[in-house]
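Enquirer: Chain by chain, the residues:
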Amino acid sequence: MRYEIRVDGHLSEPLIRVFPELDHVTMSGQTLLFGHVVDEAHLYGLLARCQSLGLRVLEMRQVPE
Amino acid sequence: MTGLGDDGSSAAEPLADPHGDPFLRTRFAVPARPVTYLRRERLTGHLDQGLRTPLTMVNGAAGAGKTLLVADWAERLDDGLPVAWFTTETAGDGPGMFWAYLLRALHAVGVPLPDGIGFPADANRVSPALQARLAAGLSGRERPVVLVLDEFDRVTAPEIAEQLEFVLHHAGPGLRLVLVTRTEPLLPLHRYRAAGELTEIRGAELAFTPDEAAELMELHGLRLPPAAVGALVERTRGWAAGLRLCALAAGESQDPEGYLKEFEADRSAIADFLLAEVLKRQDAATQDLLLRVSVLDRFCPGLTNALTGRDDAEAVLARLSRDDAFVEHLGHGLYRLHPLFAEILRAHLRVRLPGLEPELHRRAAAWLRRSGRLAEALGHGAAAGDWEFTAGALVDDLAIGQFFTGPHSDALAGLFSRMGREGTGAAPELVRAADRLARRETDAGLTHLRRARRELAEYAEYDGPADAAAARLSCALLEALAARLAGAPERAEDAARAAGELREAVPGELLERHPELTALLLDHLGSARLWAGRFEEARAALSTVADSAPEAATALPREDSLGRLALIDYLDGWLGRAERRAREALAETERFGLPRPSGSGVGRLVLAAVAVDRDELGQAQALLGTSAEAHPALRDPVLEAGRALTTARLHLARGDPGAALEAVEPEVPADAVSPWARGQTALVAAAAHLAEGRTETAAELLREVPDAPPACAVGAARVRLVTDGADAAVRLLDRARPEGRAGPAVTVRATLVRAQAADEAGDGARARRLVARALAEARRERLRRPFTEAGPWIRRYLGTAPPPAGRRTPGAGPSPRPDEPPPPVVEELSGREREVLRRLALAMSTEEIAADLYVSVNTVKTHLKNVYRKLSVNRRNEAVRRARELGLL
Numbered sequence: 001m002r003y004e005i006r007v008d009g010h011l012s013e014p015l016i017r018v019f020p021e022l023d024h025v026t027m028s029g030q031t032l033l034f035g036h037v038v039d040e041a042h043l044y045g046l047l048a049r050c051q052s053l054g055l056r057v058l059e060m061r062q063v064p065e
Numbered sequence: 001m002t003g004l005g006d007d008g009s010s011a012a013e014p015l016a017d018p019h020g021d022p023f024l025r026t027r028f029a030v031p032a033r034p035v036t037y038l039r040r041e042r043l044t045g046h047l048d049q050g051l052r053t054p055l056t057m058v059n060g061a062a063g064a065g066k067t068l069l070v071a072d073w074a075e076r077l078d079d080g081l082p083v084a085w086f087t088t089e090t091a092g093d094g095p096g097m098f099w100a101y102l103l104r105a106l107h108a109v110g111v112p113l114p115d116g117i118g119f120p121a122d123a124n125r126v127s128p129a130l131q132a133r134l135a136a137g138l139s140g141r142e143r144p145v146v147l148v149l150d151e152f153d154r155v156t157a158p159e160i161a162e163q164l165e166f167v168l169h170h171a172g173p174g175l176r177l178v179l180v181t182r183t184e185p186l187l188p189l190h191r192y193r194a195a196g197e198l199t200e201i202r203g204a205e206l207a208f209t210p211d212e213a214a215e216l217m218e219l220h221g222l223r224l225p226p227a228a229v230g231a232l233v234e235r236t237r238g239w240a241a242g243l244r245l246c247a248l249a250a251g252e253s254q255d256p257e258g259y260l261k262e263f264e265a266d267r268s269a270i271a272d273f274l275l276a277e278v279l280k281r282q283d284a285a286t287q288d289l290l291l292r293v294s295v296l297d298r299f300c301p302g303l304t305n306a307l308t309g310r311d312d313a314e315a316v317l318a319r320l321s322r323d324d325a326f327v328e329h330l331g332h333g334l335y336r337l338h339p340l341f342a343e344i345l346r347a348h349l350r351v352r353l354p355g356l357e358p359e360l361h362r363r364a365a366a367w368l369r370r371s372g373r374l375a376e377a378l379g380h381g382a383a384a385g386d387w388e389f390t391a392g393a394l395v396d397d398l399a400i401g402q403f404f405t406g407p408h409s410d411a412l413a414g415l416f417s418r419m420g421r422e423g424t425g426a427a428p429e430l431v432r433a434a435d436r437l438a439r440r441e442t443d444a445g446l447t448h449l450r451r452a453r454r455e456l457a458e459y460a461e462y463d464g465p466a467d468a469a470a471a472r473l474s475c476a477l478l479e480a481l482a483a484r485l486a487g488a489p490e491r492a493e494d495a496a497r498a499a500g501e502l503r504e505a506v507p508g509e510l511l512e513r514h515p516e517l518t519a520l521l522l523d524h525l526g527s528a529r530l531w532a533g534r535f536e537e538a539r540a541a542l543s544t545v546a547d548s549a550p551e552a553a554t555a556l557p558r559e560d561s562l563g564r565l566a567l568i569d570y571l572d573g574w575l576g577r578a579e580r581r582a583r584e585a586l587a588e589t590e591r592f593g594l595p596r597p598s599g600s601g602v603g604r605l606v607l608a609a610v611a612v613d614r615d616e617l618g619q620a621q622a623l624l625g626t627s628a629e630a631h632p633a634l635r636d637p638v639l640e641a642g643r644a645l646t647t648a649r650l651h652l653a654r655g656d657p658g659a660a661l662e663a664v665e666p667e668v669p670a671d672a673v674s675p676w677a678r679g680q681t682a683l684v685a686a687a688a689h690l691a692e693g694r695t696e697t698a699a700e701l702l703r704e705v706p707d708a709p710p711a712c713a714v715g716a717a718r719v720r721l722v723t724d725g726a727d728a729a730v731r732l733l734d735r736a737r738p739e740g741r742a743g744p745a746v747t748v749r750a751t752l753v754r755a756q757a758a759d760e761a762g763d764g765a766r767a768r769r770l771v772a773r774a775l776a777e778a779r780r781e782r783l784r785r786p787f788t789e790a791g792p793w794i795r796r797y798l799g800t801a802p803p804p805a806g807r808r809t810p811g812a813g814p815s816p817r818p819d820e821p822p823p824p825v826v827e828e829l830s831g832r833e834r835e836v837l838r839r840l841a842l843a844m845s846t847e848e849i850a851a852d853l854y855v856s857v858n859t860v861k862t863h864l865k866n867v868y869r870k871l872s873v874n875r876r877n878e879a880v881r882r883a884r885e886l887g888l889l
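Same order as they appear, the protein sequences are chains A and B.
Okay, so the first sequence: first residue is 1 according to UniProt numbering, each after it adds one.
Okay, so the second sequence: first residue is 1 according to UniProt numbering, each after it adds one.
FYI, nobody ran anything at the bench for these hints, they're computed from the structure.
Computed from a predicted model, the values in this text were never measured in an experiment.
A portion of the hints provided could be inaccurate.
Said to hold, decoys possible - Computed, partial: chain B to chain A, Cβ under 8 Å:
id: 1; residue: Arg182
id: 2; residue: Pro185
id: 3; residue: Pro188
id: 4; residue: Asp272
id: 5; residue: Ala276
id: 6; residue: Leu279
id: 7; residue: Ala347
Quick reminder that beta carbons are idealized off the backbone N, C-alpha and C, glycines included.
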């Protein structure tokens with residue numbers, strides 16, 4: 001499954017590296033993380049990672065392969 | 001780190017952490033507030049209202065100020081309500097750990113716990129009785145306990161939420177629960193909300209208003225114009241941690257207002273940006289320290305120095321916590337990073353000091369190991385991927401037994417499952433052997449044990465032998481287990497002897513700290529001896545374990561030993577004693593909430609065997625079913641043979657000899673022959689063949705049956721009655737003399753063999769005397785099976801008088817022949833007794849029955865006593881069940 005997660009703000013290099021399995025683009029004060037998500041557990045893990053870093057998740061959606 | 005955990009509670013108190021570590025007091029301490037903490041009355045006022053509802057939930061993002069708010073409120077509760085605080089720290093704690101900590105938190109604030117509340121011995125399971133007793137205890141309180149569970153989001157097991165909900169519901173007004181959490185808990189909040197029983201403080205309410213933000217900035221020494229504060233609140237959305245970091249960063253800059261303008265304009269993620277800002281204002285050494293400690297959950301100056309390689313941690317940590325910059329002081333010289341910052345700092349660590357993380361874990365592990373904090377040392381050792389160290393720490397601490405028993409077992413298996421093929425040397429091989437044996441993979445276990453022995457032999461050439469004493473002792477324990485699983489009593493004796501010598505070379509303090517090692521060793525030895533048929537020696541070893549002090553760490557071997565002692569009693573024919581002991585074993589399981597339905601399952605197996613002898617076949621079947629899921633490391637030949645025999649006897653009792661034969665085939669694999677198991681198996685098979693008329697085959701099988709133990713001799717005599725005639729049977733009995741040595745289940749059968757011989761010889765008077773004696777002996781133990789399996793001849797001697805013609809006789813089937821006397825053990829009930837029995841079956845009380853029949857309560861009691869005696873039962877429900885079985889109802 002491919003997902004994209006939109007979080008508030010630009011991420012610094014160290015924070016980007018917390019998501020090594022995802023690509024990212026930065027746009028207008030937001031960061032879009034996107035890539036292949038293995039399963040549900042991975043998905044919730046990503047959300048928890050965002051939460052533990054104090055990131056505000058604005059949007060999360062599945063995108064076509 | 002002395003004084004960190006030991007709270008002085010004695011070992012007898014059931015309050016030790018099921019992980020065996022002393023409790024860390026800091027998990028029960030209400031967190032301290034920094035000097036710059038801003039009290040907000042609108043929130044504490046809302047929390048006060050929470051005292052009127054059973055449940056209060058405070059939720060919001062990391063750094064929203066939840067914990068400090070509740071801590072501040074809880075400490076100022078002026079009407080003296082006890083407040084128990086518990087910080088749920090480790091993600092993935094099982095219910096056992098959770099409840100153990102929760103009880104400890106209640107105890108810490110002087111809330112009396114109900115007697116016999118029990119204590120979880122398994123990190124992942126807890127007995128339901130615990131919650132019921134706790135709720136009952138709390139519901140009786142005049143004033144409620146306020147229980148705060150901080151960081152409740154770390155509790156992910158749905159069953160914990162369910163159990164908590166149960167306690168909350170049943171404790172009524174005795175408990176006010178406050179959950180502090182980042183995520184919505186799995187409790188049925190909507191129901192509480194609908195009933196007006198929930199007080200909620202959520203993120204929006206926690207957010208700082210501009211006025212509050214201005215006050216906070218002033219506490220930090222920053223006076224800002226309203227417009228600046230407004231912009232700041234907008235940028236941070238009133239987020240407490242963000243505001244605090246802003247104040248810190250701005251306070252250190254030359255031009256705070258200008259700095260804040262910059263911040264407003266920046267588009268970075270707030271936490272990320274602010275943390276980097278505050279971090280870069282620290283000197284290089286402090287930055288380095290903060291990055292390094294980010295791999296630790298909590299730390300003291302000593303551990304921090306071990307990670308930085310410097311000696312200034314004490315001063316730096318004190319300063320950081322005073323400035324409220326990332327570090328919180330937990331009391332007792334312990335610190336932690338704010339969880340949010342720890343994550344971000346770890347991210348920075350990986351970028352700035354790449355590759356250092358494993359080394360930091362290794363240093364932390366070594367330091368913790370030196371300080372005697374094994375569980376934490378193992379965690380960091382595993383995180384470092386240093387398996388020689390990690391396995392070595394476990395083995396040298398003599399903790400290998402924790403793979404099998406106690407709350408550690410699952411955690412250890414999980415920890416070492418990542419080891420794979422990495423790690424060489426004796427310790428990793430021993431750990432692999434333990435892991436395989438715990439899953440009953442005996443061959444793989446033995447392969448690793450052999451390798452470990454080889455490594456240990458090499459040590460002996462280079463190092464002093466004392467160095468490896470703990471490893472050798474661990475090796476002996478595993479060899480005893482392997483021998484037990486293989487049914488090799490001699491090897492078990494050898495291992496136990498070796499262990500006995502090695503114990504001298506190991507520090508006594510280690511042995512005391514790990515009672516499970518000794519308990520397991522003796523349990524293995526006892527069971528191996530039991531297999532060999534050396535009952536007395538087996539009893540000696542097993543009794544030592546069974547009589548040892550009840551502790552969570554030894555719960556499994558104690559339960560197993562009690563169960564096997566019960567099995568020996570059963571094999572000797574003492575049903576009542578076996579039943580009592582088996583029940584003790586089950587109580588042990590219940591008390592410590594052992595993981596499998598019955599620990600080793602041997603207790604239930606004995607109860608099933610006893611039930612077969614009492615002709616309670618339905619119950620036997622149910623017990624056999626639940627005993628099936630035994631701990632794999634205890635599923636040895638004794639257990640397998642015991643299950644096969646009991647299953648076969650049950651089939652025989654149900655009149656299915658074919659299934660009985662199938663149950664005892666093929667023979668349980670074992671290195672050594674067990675005389676009793678082989679003998680009993682042959683007897684069960686012989687009985688099945690007799691039932692199907694194959695006398696020759698049955699006679700053939702008798703050759704395998706030894707004369708000892710007495711149960712085998714009596715079984716053989718019963719078969720001989722058919723195959724060789726009465727004289728041969730009696731000769732065998734005269735030779736074996738079971739009467740003096742065995743219990744009723746054996747002697748009653750022997751007496752019946754003699755009675756049948758007398759009957760066949762035409763000596764009716766002697767037969768009657770013998771049957772009467774057997775009946776008298778059987779009644780105490782509620783033995784029925786020997787009479788039903790004796791054959792039709794016995795009916796002549798059971799009834800005292802022939803029943804009146806045409807009257808239905810109990811148990812004689814739907815069309816009793818008039819010349820047939822009542823069946824075994826059952827005397828006929830009088831009309832009045834039947835009336836009482838029928839009302840008993842309707843669940844009427846003694847008083848109700850008396851009123852219904854217009855007689856006195858005492859008269860009903862007399863009738864009941866007679867009914868019980870005639871049905872040979874002791875309780876109401878048994879009487880009803882027995883009566884149904886006999887078609888009396």
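Enquirer: Decide, hint by hint, whether the structure agrees.
Expert: To see whether the hints hold, each was checked on the structure:
| no. | hint | verdict |
| --- | --- | --- |
| 1 | Arg182 | 6 Å, holds |
| 2 | Pro185 | 15 Å, violated |
| 3 | Pro188 | 21 Å, violated |
| 4 | Asp272 | 5 Å, holds |
| 5 | Ala276 | 6 Å, holds |
| 6 | Leu279 | 11 Å, violated |
| 7 | Ala347 | 4 Å, holds |
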